[in-house]
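Protein chains in written order, with numbering that gives the first Met the number 0: chain A, 0 to 230; chain B, 0 to 220.
Hint data in this document are derived by calculation from the structure and do not stem from the laboratory.
Certain hints may be false.
[What the hints assert, rightly or not] Computed from the model, here is a short list of chain B residues facing chain A with C-beta under 10 Å: (1) 3; (2) 146; (3) 159; (4) 170; (5) 174; (6) 178; (7) 207; (8) 209.
[What the hints assert, rightly or not] Quick look at which bits of chain A chain B covers, simulated, 3 or more residues with Cβ under 8 Å: (9) 8–14; (10) 74–83; (11) 199–205.
C-beta: ideal position from N, C-alpha, C; glycine also.
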Amino acid sequence: MGQGKWPFVAVASGLALLAWGSSWGLAFAPREAYMGDVQRIMYVHVPTAWNAMLVLTFAFACAVVSLVRGGWKWDARLEAAVEAGVVLSALVCAQGSIWARPTWGVWWDWDPRLTTTAVLLFAFGGIMALRQFVDDPVKRATWSAVATVIAYVDVPLVYFSVRWWNSLHQMQSTPETVSRAFHWPLRINAFGVLFLLMGLVELRARTAFLRRETELEPPPSRAAAAVGVAS
Amino acid sequence: MSVFLAALRKDLLLQWRTRAQLVAVFVFGASALLLFSFAVGPNAGVLRQHAAGFLWLGLLLASTLALADSFESEMAQRALEGLLLLPADPRALYYAKAVANVLQLTLLGVALVPVMVVLYDAGTARVGALVVVVALGAAGLSAPGTLYAAMTAQARARNTLLPLLLFPLVVPALLAAVKATSLLILGDPMGQLRAWTLLLVAFDAVYWSLCGLLFERVVED
Numbered sequence: 000m001g002q003g004k005w006p007f008v009a010v011a012s013g014l015a016l017l018a019w020g021s022s023w024g025l026a027f028a029p030r031e032a033y034m035g036d037v038q039r040i041m042y043v044h045v046p047t048a049w050n051a052m053l054v055l056t057f058a059f060a061c062a063v064v065s066l067v068r069g070g071w072k073w074d075a076r077l078e079a080a081v082e083a084g085v086v087l088s089a090l091v092c093a094q095g096s097i098w099a100r101p102t103w104g105v106w107w108d109w110d111p112r113l114t115t116t117a118v119l120l121f122a123f124g125g126i127m128a129l130r131q132f133v134d135d136p137v138k139r140a141t142w143s144a145v146a147t148v149i150a151y152v153d154v155p156l157v158y159f160s161v162r163w164w165n166s167l168h169q170m171q172s173t174p175e176t177v178s179r180a181f182h183w184p185l186r187i188n189a190f191g192v193l194f195l196l197m198g199l200v201e202l203r204a205r206t207a208f209l210r211r212e213t214e215l216e217p218p219p220s221r222a223a224a225a226v227g228v229a230s
Numbered sequence: 000m001s002v003f004l005a006a007l008r009k010d011l012l013l014q015w016r017t018r019a020q021l022v023a024v025f026v027f028g029a030s031a032l033l034l035f036s037f038a039v040g041p042n043a044g045v046l047r048q049h050a051a052g053f054l055w056l057g058l059l060l061a062s063t064l065a066l067a068d069s070f071e072s073e074m075a076q077r078a079l080e081g082l083l084l085l086p087a088d089p090r091a092l093y094y095a096k097a098v099a100n101v102l103q104l105t106l107l108g109v110a111l112v113p114v115m116v117v118l119y120d121a122g123t124a125r126v127g128a129l130v131v132v133v134a135l136g137a138a139g140l141s142a143p144g145t146l147y148a149a150m151t152a153q154a155r156a157r158n159t160l161l162p163l164l165l166f167p168l169v170v171p172a173l174l175a176a177v178k179a180t181s182l183l184i185l186g187d188p189m190g191q192l193r194a195w196t197l198l199l200v201a202f203d204a205v206y207w208s209l210c211g212l213l214f215e216r217v218v219e220d
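Starting from the given sequences, assemble the full structure and let the hints guide the process.
What follows is the structure, given as structure tokens:
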């Protein structure tokens with residue numbers, strides 16, 4: 000794995016962008032006509048949701064490469080991406096609940112996107128548990144890659160089944176569906192979360208890779224230890 | 000094909016010889032159905048409304064016991080490793096085990112239906128359609144369940160790990176199976192049964208092909 004300093008730059012610029020975008024969104028962007036100030040949570044909620052999907056897609060790509068080509072680098076990236084995906088999904092659910100309570104009057108709603116995010120949270124949380132409970136690093140790498148592929152394929156199935164079952168959520172917010180006045184804070188925060196995510200995932204993958212190296216390092220053989228004592 | 004048939008014969012024989020276990024799993028499922036009614040209270044109308052959901056939750060909880068057991072004997076004395084060294088095609092071994100699990104879970108589900116009818120007053124005249132829905136739902140639980148059971152049988156904390164991995168995954172299958180069963184019991188004025196059955200078939204098709212492909216990687220050494 001690389002040793003470059005770019006992840007630190009990415010984390011710093013991500014934090015700076017988030018501070019800029021959020022302060023713009025909180026203080027300077029116009030008040031939304033119907034929802035009022037509650038709507039301002041959109042400036043973190045929507046970017047978090049986009050990036051959660053993105054990092055889980057990256058986890059799926061890592062799993063496929065890890066299954067096809069192998070290599071500890073991809074296993075380390077998978078570990079980092081799954082963890083980041085679980086954290087972001089949990090954040091999306093929490094932010095969504097905070098927004099839903101004053102807007103819809105309930106903390107939770109069985110809307111397709113909300114439910115899919117919750118299912119993803121549990122599915123990928125289960126994969127994190129799987130990695131904890133398997134001691135053999137080779138099996139751990141293969142099995143968690145297999146489980147990631149299986150869980151990712153489930154996403155559209157969950158989404159459409161829940162959509163048929165029940166629906167209430169408003170249309171996704173994209174720069175096309177919201178007024179121009181809201182665009183810039185949304186975009187700045189989306190890139191802020193993205194840079195932060197890239198930096199943190201890379202740093203986490205490096206840690207995982209180093210851990211794997213110490214795990215796989217063969218213990219000093221008896222013969223070598225005996226020679227050491229003799230000399 | 001002959002490997003598949005031989006493996007299927009072995010799995011069915013194994014299940015026949017441990018049939019006392021299946022009876023225990025059935026009793027577990029039936030007592031879960033009994034307990035669900037205490038959670039809701041003795042309101043006949045509400046119980047009937049939720050009967051399909053209770054049936055599938057009972058079957059899902061019971062299935063984790065049945066699925067976890069299905070690889071127990073394969074890991075004892077490294078029987079699976081021996082089969083792979085024969086060499087037997089891992090795909091044939093997977094499909095044989097999965098088909099055996101579908102048969103077992105279908106049997107379990109069909110056996111739980113009378114319990115549901117008695118406890119919740121939720122009968123249906125379309126018994127054939129109900130058996131088909133139960134079999135399709137059982138196939139949806141078995142495809143990923145068999146694959147995960149192969150993993151968790153070799154891991155620590157296997158009893159926690161299997162439901163942890165399986166439950167979020169089978170949400171679409173559970174949803175479709177509950178809806179289809181519910182429509183059979185409560186009537187289907189909008190003709191939605193077909194759509195939910197198709198969703199169940201789609202789930203089965205995706206996971207029966209995908210898990211068959213991935214099983215080889217799970218058991219290789």
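- prompt: Does the nearest C-beta of chain A fall within a distance shorter than 10 Å of the C-beta of residue 174(B)?
  reply: holds, 5 Å
field: Supplied contact hint for residue 159(B), tested at 10 Å Cβ to chain A
entry: Given a least distance of 8 Å, the restraint on residue 159(B) holds.
- request: Under 10 Å, Cβ to Cβ, is where residue 146(B) needs to be relative to chain A, so tell me if that hint holds or is violated.
  value: Check passed: Cβ of residue 146(B) comes within 7 Å of chain A, closer than 10 Å.
message: Next item in the hint list is residue 207(B). Is there a CB on chain A closer than 10 Å to its CB?
response: violated, 12 Å
message: Next item in the hint list is residue 178(B). Is there a CB on chain A closer than 10 Å to its CB?
response: holds, 7 Å
- prompt: Counting residues of the stretch 74–83 of chain A with a beta carbon closer than 8 Å to any beta carbon of chain B, are there 3 or more?
  reply: violated (count 0)
message: A closest beta-carbon separation below 10 Å is what the hint needs, so does residue 209(B) meet it against chain A?
response: Constraint on residue 209(B) satisfied, holds at 6 Å.
message: Quick check on residue 3(B) please, does its C-beta sit within 10 Å of some C-beta on chain A?
response: violated, 21 Å
- request: Tell me if chain B covers the stretch 199–205 of chain A under the three-residue, 8 Å CB rule, please?
  value: With 0 residues closer than 8 Å to chain B, the stretch 199–205 of chain A misses the three-residue bar; violated.
query: If you take the shortest Cβ to Cβ gap from residue 170(B) to chain A, is it below 10 Å?
result: It holds, given that the least Cβ distance between residue 170(B) and chain A is near 5 Å, below 10 Å.
- prompt: Do three or more residues of the stretch 8–14 of chain A come closer than 8 Å to chain B, measuring C-beta to C-beta?
  reply: violated (count 0)
In the structure shown, a violation is registered for the earlier hints numbered 1, 7, 9, 10 and 11, in ascending order.
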